[in-house]
Structures are given as C-alpha cells and as structure tokens.
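Note that the protein sequences, when read in sequence, are chains A and B. Using our numbering, you'd call the opening residue of the first sequence number 7 and step up by one each time. Using our numbering, you'd call the opening residue of the second sequence number 696 and step up by one each time.
Bear in mind the hints are in silico, worked out from the structure with no lab data behind them. From a predicted model like this one, the values you see are computed outputs, not experimental measurements. Do not rely on the hints blindly, as some may be mistaken.
[As the list claims (entries may be wrong)] Coverage of chain A stretches by chain B, computed from C-beta distances (three or more under 8 angstroms per stretch; other residues unrestricted): (1) 50 to 61; (2) 78 to 90; (3) 95 to 108; (4) 336 to 346.
Beta carbons are placed, not taken as given, at the ideal position from N, Cα and C, and that holds for glycine.
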Amino acid sequence: MSEGNGRNGRGGLIQLAAKDFKSDQEVRWCPGCGDYAILAAMQSFMPELGLARERIVFISGIGCAARFPYYMQTYGMHSIHGRAPAIATGLAASRPDLSVWVVTGDGDALSIGGNHLIHALRRNVNVKILLFNNQIYGLTKGQYSPTSELGKVTKSTPMGSLDHPFNPVSIALGAEASFVARSIDTDRKHLTEVLRKAAEHPGAALVEIYQNCNIYNDGAFDAVREHKENRIVLEHGRPIRFGAEGERGVVQRSDGSCALVEVAEVGEEALLVHDEHHPEPSLAFALSRISHTPHGPTPIGVFRDVERAVYDELMEGQIVAAKERGGEGDLGALVAGRDTWRIP
Amino acid sequence: MGKPVQQVGRVIIRFAGDSGDGMQLTGDRFTSETAALGNDLSTLPDFPAEIRAPAGSLPGVSGFQLHFADHDILTPGDAPNVLVAMNPAALRTNVDDLPRGGTLIVNRDAFNDRNLRKAGYGANPLDDGSLSEYQVHDVRLTSMTVEALKGIDITPREAERSKNMFALGLMSWLYHRPTEGTIAFIETKFANRPAIAAANLAAFKAGYAFGETSESFAVSYEVKPAKLAPGLYRQITGNTALAYGLIAASVKSGLPLFLGAYPITPASSILEELAGHKRFGVRTFQAEDEIAAVGAAVGASFGGALGVSTSAGPGVVLKAETVGLAVTLELPLLILDIQRAGPSTGMPTKPEQADLLMVLFGRNSESPVPVIAAATPGDCFEVALEAARIAVKYRTPVYLLSDAYLANGSEPWLIPDVDALPSIKVDFATEPSGDGTFLPYARDPQTLARPWAVPGTPGLEHRIGGLEKQDGTGNISYDPDNHDRMTRLRAQKIAGIAADIPELEVDDPDGARLLVLGWGGTYGPIAAGVRRVRDGGGKVAQAHLRYLNPFPRNLGEVVRRYDRVLVPEMNLGQLLKLVRAEFLVDAIGYNRVRGLPFRSSEIAEAIEATL
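Pulled out of the complex, with its shape left as it was, chain B reads as follows (with noise of 0.2 angstroms):
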C-alpha cells in the first residue's frame, strides 16, 4: 500500500507469551510460510516442561525462535532482531537478549497491574521509558481482534484467544510471508468448527490488514528466497526425520518395524509419529514403562523385526539391564537416546548432550555398544538408517543419540530420493550346516556377526540366553578361558565397525593450526562460530563427529595433526575426555550447559581465545 519496502539478508524473530497463548503454533505457522517462500531457516521452539504454568507468570513463558536467510544459515540465532512479547512475563524474560535498537513488538493490553505484577514490573514498561532503546511498537492486540471478530457467533475467550492470529498476520505483512498456505491451514484444522475457523481467518486477516494501514508500521521487509542446493524441500524436525528415517530402514531392509516406547519429553513425538503409519507394518507398543519397552523391542528383534526403543536420558538408564542383554544376545537392536538436561529430571524440554559416556560405559561389565549421533534436524534421518545398517549388520545393539533441540528444531530438508537410498541387507540363518548342526555363535569371518536364525525356521531350534556362551555352540560356559576369548570377540567385532564407516573428513580450507572438534547436535552453532572467525581473517578447522563408537579410523592421525583441538560441548567434557585418554592429545573444553543450544558468537569467542 505504498509503503516502502527495504531487502534484508536475513531476520530473527522470536514470538514469546504464555504457554496459552498459541505460540509455538503461531511460530510453526509463520515457520511453513518462510519455507514456501523458500529462504533458508532454523527454529527453536524454547517451552516450559509444564504445560500450562500459572497465566501470565515468568515460568509460564514459552518462546519460538525463527531464523530466515536469503542465504545458507546454520543456527536459529544467537539474538533476535524482532522480539513479539504478548505479555510482561514474556517481555522480561525474554527483552534482554533483544540488542538495543531492535524490534519490539507488544501487545499493550495485556500490560494491565496484575499482569504487571506477576511479571516482578514496579510500573509499566511501556510507559516509563525503560524501552527507549528499542523500536517498540506497542500494538491492542487483544481488543483489536476482539473488535474484528464482532459478529462470529463465539465466546469472549475464544475471540481473545485468536490474538496468536492477528499477530501472525501482522507479521505475515511485516516480512511479506505468502499467507494461502495459513489460510489453508486455519480451514482444514477448524473444519468441524466453522466458527473458530471463521474467527482464526478473520483474525489473521485483521492483522495483516493493520500492519498495512497503521502509521506505527512505515516499512516492511522482504528477505528473498535462499539460493540452496536445487531440488524438493520440505522442513523437518529433528524426531519427524528420525521416524521417517526409522521407517525407511524398515523399508530397505524388509523387517518390520517394532518400536517399543514409553512416553517421555522430548521423545513421545517419535512415537506418535511412528504410530500413524501403519500402513508400513509399523507396530508401535506402548509399554508399562522403559523397561518393557525395550524388552519387547528385544522379543520383537528375536523374532525377525527390526526392534526400537525410544527414550530420553532417564528412561535410557532404565534399560540398561536389556541392552547389555542384547550385548550378549548379539541381537539387532536400535536405542533412540533424545538427550535433555539432567541429571535426573533435570529440564525435560532442554537439549544437553551428557548422556555420551553413559552409553558409552553405562552397563556393567565389558559390553561395548556402537554409538552414532545426528548433527542436524534433517541429519536424523540419514543416522536412522545407518544405525539400522549398523544393528543388521553386525547383530549388535546401537545407540543414536538426538536432544531435545533438534528434536522440536526445524530446518529445510532436500527430500531424498527414496529409490536411490541403498537397501540394507538382512541374510537370515536359513539352514543348518552340512551336517544337520546348528552353531548359533559361529561368526562371519568378515563382521564377526553371528547368525540371525528366527523362530520358524526349522532345524535351527537353538536356546540363547544372558549367561556366557560358548564360542561357536553358545551353550552356557563358565570355562576361564573361553570367557576371555567371547569378551574379546565381542569388543573386535564392535571395534571393526570402524573398517565400515567413512573417515573423518575435516573442514580446513586455511591450513589451520587449531581445530574445532565437535559431536551431535552442536554442528549448527559450531560451524556458524567457525565462519565468523573465517570471516574476520582466523584460520580454523571444523571436524564433526557422526561415530561416537567405534571412532572413525582416522580420528587419532586428524587431533594429532593440529597444535591445538577445541571440543566445544553442552556437557562438562565427555568426547573431550574420550579424545584425552584415547589419543593422548591435550585438548582444550569449551563446556556449556544451560539447556539451551550454543550460540554462535560464544562458539567464535572460545575459538578466538584459543587461536
């Protein structure tokens, strides 16, 4: 409407208001409109673990965070530029990670003494000019989009609560999002409801309406579309790639899929998800708790299936007991560990990435167990795969570590061509050797696997069991040095998966003197840190590790070939204790654990420090 219109390179929003207040559903619309747009974006929806905290209070504060480019970006942000408040609570907790002179948006009227006071506010912010070094645009969300839904056949409640709705079209006209697919949306999921449709529409309308025609708004924005490698893009979370990634190893590998789960923040999503597809053969259980649930994955895996159990940290810990019988069973077995902050319950909805060593070394005795873990949100699905791979190939349990950040963070995700992902392959015991025995711990010289025989299959009636086998028979054996010779063979065979993996490929265009080792879910925050020291002239390597165990072949020749290593890490220093005693290299820790992912700027500041 005649307004101007300035180009920007990339914008950071981040909608903050009660945990009532619709805005994570309000970040994930304006999210899906970014990625019809095509810029390239990341998320980080930031929430309390109770569902509703008392209203208006600072615990009940939940946030989305958006970041969009018309370039590669690689983090949700460190800071926002444009912070939407829908109430003082959110105002406070969130106003101080807003750099002077950036956005404001507020919704005035929920600025009133009580809300005032719940949020710890002597006077109003609004008022007393403590706001002065923002942009603040202090918008009546709230009677406004009352006064717009006059005439739907709605209660007073339900008309305030669609002022999620006018401040996403707001700010659908503030940054020119597309708005039919929000349309689209707001029709399908109200459709037995024509009311609240009708109320929701008229709502984002209303407040696209206004930021065209109110004076408080002079100028809008438009990013322009990423120019990403070409190809279909949707985006993904992090636990919706591991789902899909779960199912096309059931696919390519022709087991069905069981997944025995009990719920738990941050992982239950995996299983919600995994429980629409039926259409796969998927069988979702779900358990009396962890230890069923992996139980019954293991019983699933004996009997042909490709068996999952999903968790988070302390239900993780519960199984231990099974996958340490898996160990000795030398069964296929995937354990999907969402990492979140501990120890105990710690902060359900917050990513850490501290249960490394207890995967690791969490069982009792030697029962080493391979451990992979996804960098990205899109990254999950190809880890799926491979710890699949991994689990068929080598009859072993796997580990594949996620957090609560990638789990819920989004970003766009080329589709992969499904036909040309490689098939896994499964060769079951068919038959018993030549003369009618079966020898179910006999190995295959190459892998050292034993063979998979199921039930069903005739002549290969066999007995396995948690005590010590003997070499080749598996029958109980409490013989010295058999025991010695079976815990040996367990680790080569685990130890050898390292022929199997590819080598670590490091990122080092300089000739870099230090390098930036990092594992899991801090690739984004790591490789944005390592690109502002490249861009202010330091010379850095970036590594990323995608095998916790075994580590890739050439990790020791890689730590050893720079003067210096960083392991930046949301834990007190696992990998980082891992790659000391291993490799005898003095690496250096940057450890952080404030449930939140790391920013880029602290990642480049450590960096800078160590150079």
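Isolated chain A, as found in the complex (with noise of 0.2 angstroms):
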C-alpha cells in the first residue's frame, strides 16, 4: 500500500487539481439534473485531501447517485441497492489506511438500506456518507420515496403518499451518528466546506444534500434553494440568526424543542447559541425538527461534530491486544490443539 499522509487525507502532502479526479466516463445524468452541481464540488474538493487518488475510494448503492463512482478517477464500486454502508465497512475496517465515501440516495439509503445505515452509524466506521435526497425514485421513473412529503402525488401514489417522511438529520442523530451536516447541491461553497469538515472527521459521517430532480420532482427545494432567507446556516458558537437580514432567529423552549422567533422581539441574548460538539445528540435533534420537508426555514450546516472512538481502530485494536499477549498466530500449535494423543 502506498506511504501517504494521515487517515482522511489530514496533511495535505500531494497536489493535484480537480481535473486529476475526472475519469473518462461520459457523465450520464438529465440534463439539469442537482447531481452534476455535486459531482462538480467535489472533483475540485477533493485535492484539498491530499491524498493520493489510489487512496480515495467512493462506493454506491443503485439509484441516479449511485453512478457517481463511475465519474471519479479513484478506485470505485457500483455495488448494489442499499448495500454500501455494508460494503464500505467491510472495506474501511479492513483497511485503515484508506478514504472511503458513500455515495446514495433517500431511497438507497433509507429505504431497501435502511438497516445498514444506522448501523454504519452507531459502529462509527470510518467512511463518508453523501446522501442525496431529491425526495424522489428518479431511476425508476417517479415513485414517492421514503423522504417524500405525506399526500405526495407520484406514479405510484395517484391519490397521494400514505406514509410519513423520514428526517434523514433525524435519523442520523437518532442512530447516534457522530458526524451530521446539510447542505445543497447548489449552494457550492456551503457544500465545500461542509465536505471538508465531513472529510477531516475521524469516523463515520453523514452529509444529507438537497438535490433537486428536475425531471420527477422539480423545485422540491425551492424554499432553501431558491429563497436564501429560509436558509439557517448553523455556525457554531454562535447565536442561530436567519433571514434576509439576520432579523430571524431560534430559541429553545423549555421542552427542549426550537421556535423560529424575530430577534427584535426577543434580543439576541435570548437565542440559542450553536453547539455542534455537544456530546447529546438531544440540541441537535431539536434543529433538525425545525424543518421537517423544506417548505420553509430550514436548517442547513454541521448539526452534530463529536469525537467517539472509531470502528477500524478499535478492531485493529484487539488485534494488536491480543498480539501483545500471546504472541504472533502459530499455525502449528493452532490446529494441534491441547488434547493429542500419538498413533506409533
């Protein structure tokens, strides 16, 4: 395995540029689709990590996201329909010297993979979700997905949805994840930044991403998308303002949940002071309920940055534990066993 700079690409020793991470893929979304805006990002992110391209590997599930491996010129795999937080755990906990991404989607990921989502999550592997939520199946045409407003009218679903929608910053927080961040396909500078605290976080981390399919469910976002006053970028440390003019604002109540309140109302002293480190997950849960489908002001940035210790380094752990203890594996004195008896 290639010498390298530290886990995650923390060191940043080699140059490369965003065209180095263009494979010669021909790139197959709709035209228009949120998905090229993301790819986009993150070609040009990804020299940030220093790391040498052989290090870096993104696995997908299936869906219209899932392609991305296919465009980035690192070791990559296509696999199959909710299986890649599985996949990728089996690879980042077998191998710690590398930088693993997930790429899916609201169906992917919380639907047919629901299960090894949060799993992924609680065991803090170390790899790096990208979900990107279009609130939609597009690659089967248009069928409501888990992420899908309640009454949604789809191909599947003419007299509307029946079911209540998955939160994905919820979910995340509620599977204890220890990384949890929002941001927007097109909002390129947000999802910059959030990618690369994403990248620099020792464990597993979750990056929800508003993506819009402009073919089966055109302006989903528009209410964070195209109107920026809905936007709550969440800083940490500082007081949570939004709108045009930072005249909005959260409060918590004494129930522990969030109200959007006018800051001339309340002063500023009254709001809540972002605090992404919190060891409960409990304050950044409450953010995430603020908005639950965007049709208003919503919460996008870091939710939730908390150190715990990471799955490859706690099983290489045991490894080199039991190493200490009773030597190096002998193959000999395995298979012999204790109990023998010789045959003359």
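Please dock the two separately framed chains into a single complex, following the hints provided.
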C-alpha cells in the first residue's frame, strides 16, 4: 500500500487538481440534474484532501446518485441497492489507510438500505456518507420515496402518499452518528465547507445534500434553494440567526424543542447558541425538527461533530492487544490444540 | 477390584437427559477420555433448538451419541448398545432405539410422579416390567450424588446438578476410560469457584467408585486402542475444522482473513471460534444482518482481504443478491452454508443437505458459482483451504457446504503438518500495462481470471459494479454481443476449474455393477453401508463428490460405466436431478429427510435392494 499522509487525508502533501479526479467516462445524468453540481464540487474539493487518488474509494448502491463512482478517477464500486454502507464497512474496517466515501440516495439509504445506514453510523465506521436527497425515485421514473412528503402524488401514489416521511438528519442523530450535516447542491461554497469538515472528521459522517430532480420532482427544495432567507446556517458557537437581514432567530423552549422568533422581539441574548460538539445529540435533534420537509426556514450546516472511538481503530486495537498478549499466531500450535494422542 | 473385564471391539453409548442436565458436556468429556485412550470414534450430539424447554418434557430431551472402537469406524453408530437415561422423558424418547438386550442405565430418582406424567407414562416403567428385555441398571444417581457431596459448601440445587459428573464417573469406570483429563478439565473450568470444582470432582469420583463396588455392575469393558494411521491425533468438530482451515488459508495466502457473519444455528460456532484468533490478524465482524455480513466480506475482498461469510440456509438465501454481485465483480469470496433442515426455519439443529440446488441456481440470471462440500468433520479443514484456493485463483465467490451433523460431530483427526500445506498464490495486479492503461476485465488466458487490483495501488484506479461490463475495459456496456460474450466467459471460467481439480476416485475392489454416489456429510454412513454389503459378499462401488460445481471431469464417464447408480441424499433428490440431467443416466435416489444422519443399515438395505 502506498505511502501517504494521515488518515482521512489530513496533512495535504500531494498536489492534484480537480481535473485529476475526472474519469474518462461520459457523465450521463439528465441535463439540469443537481448531481452535476455535487460532482463538480466534489472533484474540485478532492485535491484538498492531499491524498493520492489510489487511496480514495467511492462506493455506491443503486439509483441515479449511485453512478457517481464511475465519474471519479479513484477506486470505486457501484454495488447493489442499499448495501453500500455494509460493503464500505468491510473495506474501511480492514483498510484503515483508505479514505472511503459512500454515495447514496433517499431510497437507497433510507428505504432498502435503512438498516445498514443506522448500523454504520452507530459503529462509527470511518466512512463519509453523502446522501443525495431528492425526495423521489428518479431511476425508476418517479415513484414516491421515504422522504417524499405526506400526500405526495406520484406514479405509484395517484391519490397521494400515505407514508409519513423520514427526516434524514433526525435519523442519523437518532443513530447517534458522530457527524451529521446538511447542505444544498447549488450552494458550492457551503457544500464544499461541509464536505471538508466531513472529510476531516474521524469516523462516520453523514451529509444530507438537498438535490433537485428536475425531471420527477422539480422545485422540491425551492424554499431553501431559491429563497435564501430561509436558510438557517448553523455555525458553531454563534447565536442562530437567519433571514435576509439576520432579523430572525432560533430559541429553545423549556420542553427542549426549537422555535423561530423575531430577534427584535426576544433580543439576541435569548437566541440559541449552536454547539455542534455537544456530547448529547438532543440539541442537534431539536434543530433537525425545525423543518421536516423544507417548505420554510430550514437549518443547513453541521448539526453534530463529536469525537468517538472509530471502528477500524478499535478492531485493529484488539488485534494488536491479542498479539501483545499471546504473540503472533502459530498455525502449527493452533491446529494441534492441547489434547492430543499419538498412534505409533 | 477383581471384577471380570470383558474385551469388546466397539461400543455405542447414548447419553440422554433434560437439556439442563449437562448431557452435551458429559458426552464431550467421555469423548475426550476415549480419544486420549486412542480409540477411533465418531460422535453425534442431538439437541433441541430450545435452550431450555420445560424441564422434564419430551421436547426438552438432549442427547449425545458416541461410537468408539478398536478399529476404524465411519459413523456415530445406528443404534446404541448402552443408553444412559437421566429422566423418564429421556427414556421414552430414546428407548425404542435400544436393541433388545441392550444396556440401560437410568436415574431412578428422576422417575417421580411429576416427571412420569410429563413423559406420558401411566405407570413407572422401572417397576411395571416393560423394560424386561433390557439389562437395566437402576441407579439412584441424584441421591447418591447429593450424599457424596455432603460437607461441600454448595446449595442443594448445585449438588443435584453435579449428577452428570457422577454418571460420567460411572461410565468411565465401566469402559476403563482414563480420568486424568476430566479431572484437569474440572479443575480448570471451575478454577474461580473452588466449591463447585470440589463438588464436580467428588461426584465424578463417587460415580467411578460406585461402579467398582456396586453389585449392579458385575463386569467392566475394555476397548483397545484402534490401529489408525500413525501420527499425532486430536478430536475435532466440523465447525472447528472450518475455522482452522480458514485461518490456514489466510496464513498460506498471506491474505488477512475477514469474516462477516450474523449469528445463526448451526454456523455461529465458526464466528465464535474465529473471534478468538485475532493473533492471526483475523477480523470478525458480527453484522446487523446476513446481507451486511456478506456485503462487508465483499468490501474486504475488494480491499485485498480473504472475505468470508458463514451462515446456514435461512441466512444464505438472504445473501444471494450479494453473491450475484461478487459473480459479476469477479472478486474472491467464500460463503459457508452449514445446512440444516428446512424450509424456512425448519429444524435449526438438525442436519439436511437440501441447499445444493439453492447455492447452484438460487441467483438471478446466469451466475455460476463453484460449489464444494465437506465429507467428514476433519475434511472441513481441507475443504476450507480448497475453497479459498479456487476463490483466489479464479476471482470468484465459492460456496462451501457443510451441515449440522458435521458441524457438531467430532472424530479423531490426524493433525496436518502445516508446513507441508501448499501455499495459495496471490498475484495482485501491481502496475498498468505499457501504455499506462489498466484493463480491470482483461483475462488470464489460462484461468480466465481478471486482475485483482486493490485500492492503494497507484495507477490502477478503476471502477467496478453490478452493471454489465465491457469485455476488457470494464466500462458499462449494453452492447448485445458483449453481454453474450461476457455471460459465456463467466460460465467458461467456472467450468474450466474442472481441469484444476482431481478426477473422481471410485472405490471398486470387486468389479461391481452398482455404483453408490454420494456427496457431502453422508460420506460416513454411505461408506459404512457399503462396507456392510461387501462383508456380506455383495459387490458395490462407492464414489463421493467433493466438487459439485464444476463436477470432476471424469464424472460422466464414471456414472456411465455402471449398470446402476444409486444416489443417497438427505434431500428429495438434488444431486440425482443434476446427474440425470447432465449425463442422461437413469440414476436412482435413496432419499430421507429425518433431520438425522443416515444409518449405515438403511444404506446397506438400499444397496441390497438395488443390487
């Protein structure tokens, strides 16, 4: 395995450019798809990792977003529906030297692969999971997804969806993920900043990216994509304010839930100060409940970023401890065991 | 103590009691003593899936049968010569297997009204004459145990629970077993609980002394050591042998072992065993489900590990999608199916070999996978190594079939010389071709295997996936002819393994006209049945398949050489179907799915009926 700098690429010694991360494959998403913007942001961010390309792996499941690895000039696997976090777990747990990324969608991650997602997060496997949420099944041509809003009329729900939607950030926080963030496909600067923080985070990171499907669910995120005054940008250690002039803010009620207020009415000192490093996920969870599906003011940024033991390090640690205790394994001694007898 | 000693060639003992009576431990210890003495042996633990069914009930009976002899034997035995029944339920569920004149040792203390009622006895069989055809030793096991433990600081319940050690002591005397091993075992096992250790030792010794002095036992028996091939032996179960085989494959290939598994009977003990061998760099991952278990193994294989997933039928069926992915990714992967009776949950602790067609064909589209099967507990070691060799060399998932009988059954095992085991060659791709390109689906002309280029290798960055790939480049392709070509290439690659495995050997000393063809865990009973027929003057040939896909290259010639081919299987005719379809041979099946291994006598009868 190649020499290189630290885990997750912290250190930055290798000089590469965005073009070095473009594969020779023709990108085949629909014209106007939000995935293009995310791909471009990713390719231009990648050099910042300072990692050689061979140490980076993208693993995806099935869906439009899942084509992502084909377009990255790194190692990659386009696997099966919902299973990318499981496959990435095996890779990341056995190869601590790699930077492993999972690209998934709302159906892939939260429907067929929901179980793998929550377990990868709770184990704190060293994988960065990018969840492209477009609130629709695109590749299968327009059925409702687990993040589609209640009552959504789609090809498979002509009278409206009966399913209460998931909030991906709430799910990740419920699974006690050590890093949870949200960004928007078209906000290159914010998305890059979130990707940078996710990459730097030791352990599992979940980044929900609002991604517009202009064919089957156009405008799903207009409330925050187009109306920037609705973006509640979370910044660690700062009072949470939003609005065109920062005239609105977030306060926490006595029951722990969050409320939106006019700053002029309550005063800045009453505003909730964001603490992404809080050991308990409760505050982050309360923030995630401000907007279930984004029809109005919606938090973006890092909800939670805490340090927790990383899975591959724990696994490696047991191997090292076992070798320290009993020495390197001896195959002859193993198969012979303790109770033997000799036939002359 | 002056009692006469009778020499016997072989003995089959069955210990039967409540699941809480410690019968498996008693059986294990007696087996260890027997191994230490140098007898050949074969065991069959037979226990319910319920951890503790209601005490004294018929479903709660747990049994352990041990066959030991002064010559080589092949099975745990059809019927016991000696039955140790710890309670009425154990007697009721087992006594019909004991031939007339057989020895019956019962714990009289357990034959109270309540237990008799639970077992469905109207009257006490110890008193109503219904056991008159057996040699009954009516022993107050519980009360004698409690009496022997007086003065030791334990609860009355703990004292009663030591009765299995009393029974073990008695049986150890009756069959002249060496006792040092059991004494050392008790001292080690209960090192932190001295009173319990003392109680178990006292019970064990009291049982032994009871045999020496009791008038109930007039004779003791001696079974001389067996004349097995010279060498150093140990006893081993199939699952332990599989775990060791996987570690050996890791050592011999230099690939780190990664096991993804989800707990399932009867495969869990492989996960547990491997979890204890981290000194070999083994990574064990207890996944959230069967799918994640095999998915993680594929991910580890992609990263250059030996990826393995272990399960049983109901779990293997969930892995089918991922195995299909591994087929098209062309990455090494081992999937171990410890078969149990089905369908669905079926009978979790009972063996069957009815997953053959599932592992061969239970995937969407054309997705060939090599399949190999273990014949005996010890054979599991070799088969694990062979499965790894094929997977690594041909970059393919490989199914390894074992079953609940091999998994838990044990036999003496000639400890292999690990230095003499062949190494497994791994040739990772290390650099691009001369023009700087890398073709992830270029093929070795001999094996048709593609390059295995692991992340971390500079210049070989590439993408693989479940979509059809263009021959050579591995780029996504929907070209009709390319798909046809790739489908055939994948099939040819697996079929070509036939040139790389041994021909099927036929054991046919007499020029028989009937061939008995088996596969997997039925080897022992079939071989023993064949031996019986030959002892009676019958001519019969035997062959046993390790390789189920591809078949050995001479199998067609072998089955056509005989007038009749009998295929005994613990399913309703799965290999039979394949042999008939593949070779147009009118083979005959012998099929039983009782959740128990074949008896050699029934195999002999089936052969006689076909001769």
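Hints, verified against the model:
Using a Cβ-Cβ cut-off of 8 angstroms, 4 residues of the region 50 to 61 of chain A lie near chain B, which meets the minimum of three, so the contact claim holds. Against chain B, the region 78 to 90 of chain A contributes 10 residues with a C-beta closer than 8 angstroms to a partner C-beta. That satisfies the three-residue criterion, and the hint holds. Figure legend: the region 95 to 108 of chain A, annotated as covered by chain B; annotation consistent (9 residues with Cβ-Cβ distances under 8 angstroms, at least 3 required). Taking a C-beta to C-beta cut-off of 8 angstroms, the region 336 to 346 of chain A contributes 8 residues in contact with chain B, enough for the three needed, and the coverage statement holds.
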